[in-house]
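We have chain A already, so just place chain B on it with the hints.
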Amino acid sequence: MTTPAPITESRVTAPASDAAAVAALSIDGVSHSYGARRALMDVSFNVAPASFTALLGLNGAGKSTLFSLITRLFGIQSGRVSIFGHDISRAPGEALRLLGVVFQQRTLDLDLSLTQNLLYHAALHGIGRREAAARAAELLGRIGLTDRAASKVRDLSGGQMRRLEIARALLHRPRLLLLDEPTVGLDVKARADIISHVRQLVSEQGIGVLWATHLFDEITASDDLVVLHQGKVLAKGAVARVLSEAGAQDVNSAFMRLTGAQTMPGGGA
Amino acid sequence: MSSITAQDSRAHHAPRGFSLSEYMTCLAGIVWREGLRFLHQRERFVSALVRPLVWLFIFAAGFRQVLGISIIPPYETYILYEVYIAPGLMAMIQLFNGMQSSLSMVYDREMGNMRTLLVSPLPRWFLLFCKLLAGTAVSLLQVYAFLLIAWFWDISPPPFGYLTVLPALILSGLMLGSLGMLISSGIKQLENFAGVMNFVIFPMFFASSALYPLWRVQEGSPYLYYLCQANPFTHAVELIRFAFYGQVNWISLAVVATCTIVFMIGAIYAYDPSRGLARRGPAGGEG
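Listed in order, the protein sequences are those of chains A and B.
Position 168 of the first sequence, counted from 1, bears residue number 168 in my numbering, the numbering being contiguous throughout.
Every position in the second sequence, counted from 1, becomes a number in my numbering once 1000 is added.
Isolated chain B (complex conformation):
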């Protein structure tokens, strides 16, 4: 809280700030609600699961013969194409989830739920951060459900990989969630979300190392290679890929961490009442 001013000292109720337990209660409440909403939207869960499985079962099976994968880190042997794209599909789940959380923020804003969140007395950056964590937690549920099914399809990393991938997933989930939140602050209505699909999700996914190793891309087109290198999603995929095998890709870690911070600051800035939303005119019922 800002310092107590002369005006404030006249206050009827003296300022007392917020305790750590109040912050934690708020965080738990937001995650809990997001979880409840997720459970109520079974279709969302099913489609979040079916999407990567379609890629794994159909696309990868067909592509396996076309694309040979040489031995590149972190892999130590020749691998099947399915094994190669599994980390990309994990990141894809998080990409969709991050954008869908942002969709829900637009929806919330239309429905007014966002207003309920934003009149909480806790600092706004904290509320938005909680919202991001909640979205990331939901994406983790989806990813691990996917990994469970993928295990039967021979996507079996060393057992500790399931544990070491967790921090990578949390970080990439936060990055993609905050990117979604940043985008959502600029969307006025739900309909514009189709544009986000076309202009954000698909380019990010295809211009990355999710479906093909970058050395392959470089052979085809150096420009596309540079584009892929500059794509934060590539680094989310690589961070997850290495972590899945108990290794750290430091460059990807640095890129993902930096992007997370930048996107998050951008989103918090965009939702600041004196800046972002304020310029955009009345939201909902004007009167």
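Bound-form chain A, shown alone:
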């Protein structure tokens, strides 16, 4: 590292009246091990409301473990996770209400129709049938699948399933959206569609997004970036800042330098 000052989140620290001061997602000193294997070590970062934060890491970096902790599949061993100030261990209901998730694995009922999948999810959030049907129809329209509403999910393409999963994650109007490698296995066009759709959610609806990926080209200069490697956060902050501090021209080389510095002390910048 060339700069003495630690890299910090650019937007969260900006002074603001009330709402903006609370991070959409706050990960504070989180560690996790599976027996002797340490999957996460003292991970801390924030996702600001209405921001697109890319969580960049190779397979095995700890991204899915982190997602499992945020979604309460695993209990938190140490540290603290909160969503808009609600601690997920102490007030899980309030926290999960504000959270939408798209998991890496497909989690749709393949034999149920698109609408049925959406209605089931709405019910899980306590949204009444009439309201749920209206929201489902609206979201299906937005992802361009209105005419497929009654088809079985099994008959959709991979990209359509992903769009449906994103629509489902938005059904209860969360303020924070987590996506775990959502474009894996999709073709170029479907990938581009999904990325632009999610970016639109950030800019138009002010949703905070945490987008886990190992694909450098999904990150743009205006994003926030968290680099996770072997369970540790190597860098975080606005992309431009991470790049300048790593002395790199693009995310790819910044990542190589950061992780290279990790494994080869004295190397890198």
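The hints are simulated quantities; they were obtained by calculation from the structure and are not laboratory data.
This one's a predicted model, so the numbers in the text were calculated from it and none came from an experiment.
It is possible that part of the hints are untrue.
Said to hold, decoys possible - As a list, the in silico SDA-like pairs of lysine to any residue whose alpha-carbon atoms are at most 25 angstroms apart:
id, chain 1, residue 1, chain 2, residue 2
1, A, 152, B, 1040
2, A, 189, A, 202
3, A, 152, B, 1045
4, A, 152, B, 1064
5, A, 232, A, 89
6, A, 232, A, 203
7, A, 232, A, 247
8, A, 232, A, 29
9, A, 152, B, 1041
10, A, 152, B, 1044
11, A, 152, B, 1036
12, A, 152, B, 1107
13, A, 152, B, 1031
14, A, 232, A, 256
15, A, 152, B, 1046
16, A, 152, B, 1186
Stated by the list, open to error - To list a few chain A residues with every Cβ distance to chain B over 12 angstroms, as calculated:
id, residue
17, 189
18, 197
19, 204
20, 221
21, 257
Quick reminder that beta carbons are idealized off the backbone N, C-alpha and C, glycines included.
Leaving out everything else, chain B in the frame of chain A:
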């Protein structure tokens, strides 16, 4: 929800808890989905029906001559062997269904559907309870379909028996479902389910009063008799048997109710994120 802490009071969105109608919507949604899935799995329904019918039509017919049934409560006359085993077969339907629901939870966990359920903001105990109720509702459909066919085979209790057996079936369905759920929390993969068949379903079914009255067992082997007495499945069968004739077997009721509570608490504990699943390492795609 827990009390509002200093941390929470900073929250952007104030906590508001959940209303009764939100709970009910969630329950209805989970039961509805389970019903839809059941309708889509016709083979499951057919095999759930064929299994007890094979026992009734073939096994019971052959066994009728071998095993004489004396008059024991709740029966007031001599009965055919078919009539004797009918309650055991009802319980068997529920046993298989309970284990199959647990199979679907393992499958769901592999497929990730369980994750969708568990990120619902409603309390986790409630979600699991809904899942149990949904599984029990499906088992009731199976049992009544079986009873309809069995009626043509002269399994005809007093008409009100069809009504009085319902609460017994709900309770036994919940007990067997929560046992399945408890077991499912310990199963990592689908393949292990064959082990559940061998080590749970068959011993529970055979070491019970489903196929033979316990006094008969006692004549043969006192130890087996005690084992049967200690088997919760025996009490599920007896609860159903008595309820089918409009009576209550209080001991069985107490045992089944207690076991239901214990299994349910165990299952909820096992699915608690800070305990059960957490120790078991990554589920599915690790990254």
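Here's how the hints hold up against the structure:
1. A:152 x B:1040: At roughly 11 angstroms apart (the allowed maximum being 25 angstroms), residue 1040 (chain B) and residue 152 (chain A) satisfy the hint.
2. A:189 x A:202: holds, 20 angstroms
3. A:152 x B:1045: holds, 21 angstroms
4. A:152 x B:1064: violated, 48 angstroms
5. A:232 x A:89: Given pair residue 232 (chain A), residue 89 (chain A) holds - Cα atoms ~22 angstroms apart, limit 25 angstroms.
6. A:232 x A:203: violated, 29 angstroms
7. A:232 x A:247: Within the cut-off at roughly 20 angstroms; holds.
8. A:232 x A:29: Satisfied, since the Cα-Cα distance of roughly 11 angstroms is no more than 25 angstroms.
9. A:152 x B:1041: holds, 14 angstroms
10. A:152 x B:1044: Holds, at about 20 angstroms.
11. A:152 x B:1036: holds, 12 angstroms
12. A:152 x B:1107: Between residue 152 (chain A) and residue 1107 (chain B) the Cα gap is close to 19 angstroms, so the pair holds against 25 angstroms.
13. A:152 x B:1031: holds, 19 angstroms
14. A:232 x A:256: holds, 15 angstroms
15. A:152 x B:1046: Distance ~23 angstroms between residue 152 (chain A) and residue 1046 (chain B) Cα, so the pair holds.
16. A:152 x B:1186: violated, 32 angstroms
17. 189: holds, 24 angstroms
18. 197: Holds, because the least Cβ-Cβ distance between residue 197 (chain A) and chain B comes to about 20 angstroms, which exceeds 12 angstroms.
19. 204: holds, 19 angstroms
20. 221: holds, 25 angstroms
21. 257: Given that every Cβ of chain B is farther than 12 angstroms from that of residue 257 (chain A), nearest at about 22 angstroms, it holds.
Hints 4, 6, 16 from the earlier list are contradicted by this structure; the remaining hints agree with it.
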